[in-house]
Amino acid sequence: MILDDNDILRYSRQIILKEVGGKGQEKLFNAKVLIVGAGGLGSPAGLYLAASGIGTVGIIDGDNVDLTNLQRQIIHFSSDLNKAKVESAEEKIKAINPKINVIKYKERLNAENIASTIKDFDFIIDGTDNFPAKFLINDACVLLKKPFSHAGILRFDGQTFTHIPGGACYRCIFPELPPKGVIPSCSEAGILGPVAGIIGSVQALETIKFILGIGNLLINRLFIMNAFEMNFRIVNFKKNKECPICGENPSIKEIKEYEQPVCELKRN
Amino acid sequence: MQTIYELPPNLEKEIIEYENLIHEYENEKIDKQKLRAHRVPMGVYEQRIDDTFMVRVRIPGGNITVSQFKELINIVKKYSDKDLHITTRQEIQLHNIKLEDTAKIMKELLKIGLSTRGGGGNTVRNIIGSHDSGISENEIFDITPYVVALTERMIQESDSWTLPRKFKIAFSNGPDDTGYATVNDLGFIAKINEKGEKGFAVYIAGGMGANSNVGIKIFDFVSDKEVYNIAKSAKNLFDKYGNRKNRHKARLRFVLYSLGREEFIKKFFEEYEKVKKQNFNELKLRDVQIQNKGFIEIPIFLGDLSFENAEKILSVAQRFGENSLRFTPRQNIIIKNIPEKDKENIKEELIKNGLIKNAYNIFLYNAVSCAGASTCRLGICLSKNLLKAIKDKFEQNSLLLNLDDLKINISGCPNSCGQHLLADIGFFGKAKKINGKYVPFYYIVAGAEVGEDKTKFAEKIGEIAALDIPDFLMDFLNISAKEKRPNEKWSEYYKRDGREKILNIIKKYSYMENFSKNKNYYFDWYDDKEFSILNKIEGECSAGLFDLIDYDFKLADQMISENKLSDAVIYISRALLITKGLEIKNDSDSPVLFKENFIGKHIDEKYANIIENFINKKRDFNVDEIKEFYNEVKKLYNQMDNSLRFPELKKDEKEVKIKGEEILFKDFRGVPCPLNFVKTKLVLETINIGEKLKILLDDGEPIENVPASLKGEGHKVLKQTKIENYWEVLIEKGV
Ligand code: SF4
Ligand SMILES: [Zn+2]
Numbered sequence: 127m128i129l130d131d132n133d134i135l136r137y138s139r140q141i142i143l144k145e146v147g148g149k150g151q152e153k154l155f156n157a158k159v160l161i162v163g164a165g166g167l168g169s170p171a172g173l174y175l176a177a178s179g180i181g182t183v184g185i186i187d188g189d190n191v192d193l194t195n196l197q198r199q200i201i202h203f204s205s206d207l208n209k210a211k212v213e214s215a216e217e218k219i220k221a222i223n224p225k226i227n228v229i230k231y232k233e234r235l236n237a238e239n240i241a242s243t244i245k246d247f248d249f250i251i252d253g254t255d256n257f258p259a260k261f262l263i264n265d266a267c268v269l270l271k272k273p274f275s276h277a278g279i280l281r282f283d284g285q286t287f288t289h290i291p292g293g294a295c296y297r298c299i300f301p302e303l304p305p306k307g308v309i310p311s312c313s314e315a316g317i318l319g320p321v322a323g324i325i326g327s328v329q330a331l332e333t334i335k336f337i338l339g340i341g342n343l344l345i346n347r348l349f350i351m352n353a354f355e356m357n358f359r360i361v362n363f364k365k366n367k368e369c370p371i372c373g374e375n376p377s378i379k380e381i382k383e384y385e386q387p388v389c390e391l392k393r394n
Numbered sequence: 005m006q007t008i009y010e011l012p013p014n015l016e017k018e019i020i021e022y023e024n025l026i027h028e029y030e031n032e033k034i035d036k037q038k039l040r041a042h043r044v045p046m047g048v049y050e051q052r053i054d055d056t057f058m059v060r061v062r063i064p065g066g067n068i069t070v071s072q073f074k075e076l077i078n079i080v081k082k083y084s085d086k087d088l089h090i091t092t093r094q095e096i097q098l099h100n101i102k103l104e105d106t107a108k109i110m111k112e113l114l115k116i117g118l119s120t121r122g123g124g125g126n127t128v129r130n131i132i133g134s135h136d137s138g139i140s141e142n143e144i145f146d147i148t149p150y151v152v153a154l155t156e157r158m159i160q161e162s163d164s165w166t167l168p169r170k171f172k173i174a175f176s177n178g179p180d181d182t183g184y185a186t187v188n189d190l191g192f193i194a195k196i197n198e199k200g201e202k203g204f205a206v207y208i209a210g211g212m213g214a215n216s217n218v219g220i221k222i223f224d225f226v227s228d229k230e231v232y233n234i235a236k237s238a239k240n241l242f243d244k245y246g247n248r249k250n251r252h253k254a255r256l257r258f259v260l261y262s263l264g265r266e267e268f269i270k271k272f273f274e275e276y277e278k279v280k281k282q283n284f285n286e287l288k289l290r291d292v293q294i295q296n297k298g299f300i301e302i303p304i305f306l307g308d309l310s311f312e313n314a315e316k317i318l319s320v321a322q323r324f325g326e327n328s329l330r331f332t333p334r335q336n337i338i339i340k341n342i343p344e345k346d347k348e349n350i351k352e353e354l355i356k357n358g359l360i361k362n363a364y365n366i367f368l369y370n371a372v373s374c375a376g377a378s379t380c381r382l383g384i385c386l387s388k389n390l391l392k393a394i395k396d397k398f399e400q401n402s403l404l405l406n407l408d409d410l411k412i413n414i415s416g417c418p419n420s421c422g423q424h425l426l427a428d429i430g431f432f433g434k435a436k437k438i439n440g441k442y443v444p445f446y447y448i449v450a451g452a453e454v455g456e457d458k459t460k461f462a463e464k465i466g467e468i469a470a471l472d473i474p475d476f477l478m479d480f481l482n483i484s485a486k487e488k489r490p491n492e493k494w495s496e497y498y499k500r501d502g503r504e505k506i507l508n509i510i511k512k513y514s515y516m517e518n519f520s521k522n523k524n525y526y527f528d529w530y531d532d533k534e535f536s537i538l539n540k541i542e543g544e545c546s547a548g549l550f551d552l553i554d555y556d557f558k559l560a561d562q563m564i565s566e567n568k569l570s571d572a573v574i575y576i577s578r579a580l581l582i583t584k585g586l587e588i589k590n591d592s593d594s595p596v597l598f599k600e601n602f603i604g605k606h607i608d609e610k611y612a613n614i615i616e617n618f619i620n621k622k623r624d625f626n627v628d629e630i631k632e633f634y635n636e637v638k639k640l641y642n643q644m645d646n647s648l649r650f651p652e653l654k655k656d657e658k659e660v661k662i663k664g665e666e667i668l669f670k671d672f673r674g675v676p677c678p679l680n681f682v683k684t685k686l687v688l689e690t691i692n693i694g695e696k697l698k699i700l701l702d703d704g705e706p707i708e709n710v711p712a713s714l715k716g717e718g719h720k721v722l723k724q725t726k727i728e729n730y731w732e733v734l735i736e737k738g739v
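From first to last, the protein sequence lines are chains A and B. Just so we're aligned: the first sequence equals residues 127 to 394 in my numbering. Just so we're aligned: the second sequence equals residues 5 to 739 in my numbering.
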């Protein structure tokens, strides 16, 4: 990519960083990032990635914008009600940065489509709100050797880490899906918008650092936030030898969806 | 409160913003033009008498609940002393409102589920529907649920308020097209296909007024599930291709004229395919089933409804449930859901109340007239007064049977607000010079036909003085009452015999000597001042950005011709600032803002001189220089694209590679911090470690910051030398 005068102006505040420069900007422009879920996490992540000049942003989401989404899913506006989320997200991304190439998938990620969907992307952001999807993304990315950012949010709490091939994975901490009732369902739990905003922004940051190849990523480190106490901490964890997918004797060898009670409400 | 349509969530905020603007205007922080640009799309127009306003309330298909109507009457009573007015788009208009009250009214309407948003300006206007939808015995199906659901969706979408011009949608419940779908920007006519499925024939780009057009049919039948997608696509098409620069050529039909039919249809379907892919939710149709098909139409002369009559009507309608009221496109009121057995009693009651008469010429009450010159700033003749004169004439005389379905329409000027193009017999105003003085005159039009695959506008067949029209009409209708066959349509009668008759009668009224004998010809109806076409100033049907810009150019032009050159500089530089969203508190700020935002970017540097002179109060401008400046800026305006962007000046290549020398050279003078650093950095990325680069930097901040920052990144600054007022810096790339 040749940076034209407007690009130079637009990205000047990051090009100016020694760790970015024109070369870094070019890396960002050549990168392809997939966001799974244009919801609470995917909204800030998508907006920041677009603003930073990530050349290709994929978005997969099967839902339409609903009034209950607007409290935290800041990529969607009141005027987007009933519109497909992927459309609404694309419009906003294009509005911030018309040069971004947006690839839309108006569908839910499932065991059948995941491999072909993620295959061309350099990095995946998990912005889903349910366990089956999170396990599905973990399994597929581990098996297909794709780096991804995991995240979860609930009430005032948020957590995220980054997986790269060879690093610890989600199942290293949680080998199986939690049984019903252990984790409250979305309808009971609730969430404050900025919690999603912070965690989604951390995901965007990890993505950008990964693409630039700079700094320390949240590899084998779980970032945990409690917004109520305003407490941020890092918990180190290791690759688990017993991990059913990335351990020494993996039992999971194919991509499959695992059952778990799905939230009654709309996906976030 | 039971309501008809759901209001968008951000309406309250918009009303508050509007209210704030009124305050700013009253404190002289913003000018009249700026307020107007916001006021009109909120459905508030200025009346012909300065500082009084008219507010238009959105009432989809004319449907309002009984409790809403009750509250509405109370609200109007509080703020106005004037009758309610029913429009031909089935809205309610309030008159003689004070500016500060307009916002208060909006807030009160909000509480009862009504909105004025989109009552004017370049917006999606009130969606209209057939007067007898849901109650007609022979309709295809009730279109009211579609009118309401589409309204809800359209008023939720912010792009509905920023279109190139107004956008009108209509629905008809059958092939007679009583909702005028064939002559709106977008129209739907109810249809059932062979499989028994509901759907519509769809017409697009119709409209009356200048360069009128019968809509073109884009679907002969399309499923009712597609209504939203089609409306959205038509709106997108209009938004994309509509002419935002010339409001007189802005309506959707002008897109059709400029693209040509084939290309227009192609472009429509491109949009339609895109919209379909977006998987919008279907319209949420809510069926308002009423038990009884019985209804009574109460004629409201000219749509002017007194509080007293409104309350009488309300007290009757209340007995038939919430959904028993509708305003019609012919400006009457229908009370519906009346059980057959009660109908006669109710009629009697209405007669006793004076709301309807035992026997009367109903066509006088169905007749439509625009506001005309009494309140419309574009008007030439007093069209409403003419209709009153016609009514007076007929009511002195006896009853004409067989004419109930006659449609008379009158417009005060060639703009077809009185819908004269749809008339069986109609008139539109003009001024004719006779014996050196102007006489109020009308063109006669007749023979319109409306219906699916049939719509044809009325044709112009003659002209006549305003004074003679009631007599002329009496002559003609006396003949038609006898000669028109029962059940014969007016358009058929017109072709068979009516046309000839009209042409004959006109002859009787065209003797020139009449004019010198009777000075009444020089007065318009019920007006005590002699007719004149002075003071007929531009109206404000679509105030907006372009009006404001044109207005500034007009002022600038005028200033130049009066040789007030420094004022001209103010207006020339102010004209385009609005496109960049720049607010000006003082007129004299505009040259400065113009310089910052346009000169060097879109306008040649050489005009900076003019602005400098202005700022330094050296006001010895020369006319030719200002004229040239004016033309340059106007030229730029003409190059503006639909997204209000201007072409950029080509920057001179400032990079020079000095031959014979191995080192790269860049001139970064005039490039501000930190951009000069960023650009230097980018150049350094293209050369190898140890290689050199020479740059030029401005004195001051640039020379203080850039070399230091470069060192911070590991490069070596070998030498920096001051030359006049700039610096030459030699750099060696580091690791
Ligand atoms: S037809 Fe002419 S006079 Fe009548 S309202 Fe329209 S613009 Fe005004
Ligand atoms: Zn693992």
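No lab work stands behind these hints: they were computed from the structure. Check each hint, because a few of them may be wrong.
As the list claims (entries may be wrong) - What the simulated footprint calls covered on chain B by chain A, stretch by stretch (three residues with Cβ under 8 Å from a Cβ of chain A suffice, anywhere in the stretch; the number is not a length):
no., segment
1, 279–287
2, 481–492
3, 520–529
4, 680–688
Given the structure is predicted, the values throughout are model-derived calculations rather than measurements. Even for Gly, the Cβ is constructed at its ideal location relative to N, Cα and C.
Worksheet item: Within the segment 680–688 of chain B, is the number of residues with a Cβ closer than 8 Å to a Cβ of chain A three or more?
Response: With 5 residues close enough to chain A, the hint holds.
Discussion item. Please verify the coverage claim for the segment 279–287 of chain B: does it have three or more residues whose C-beta sits within 8 Å of some C-beta in chain A?
Written reply: n = 4 at 8 Å, threshold three: holds.
Worksheet item: Do at least three Cβ atoms from the segment 481–492 of chain B come closer than 8 Å to Cβ atoms of chain A?
Response: violated (count 0)
Worksheet item: Per the coverage rule (Cβ-Cβ under 8 Å, at least three residues), is the segment 520–529 of chain B covered by chain A?
Response: Contact hint for the segment 520–529 of chain B vs chain A: violated, 0 residues under 8 Å.
Checked against the numbered hints above, the structure breaks hints 2 and 3 and satisfies the rest.
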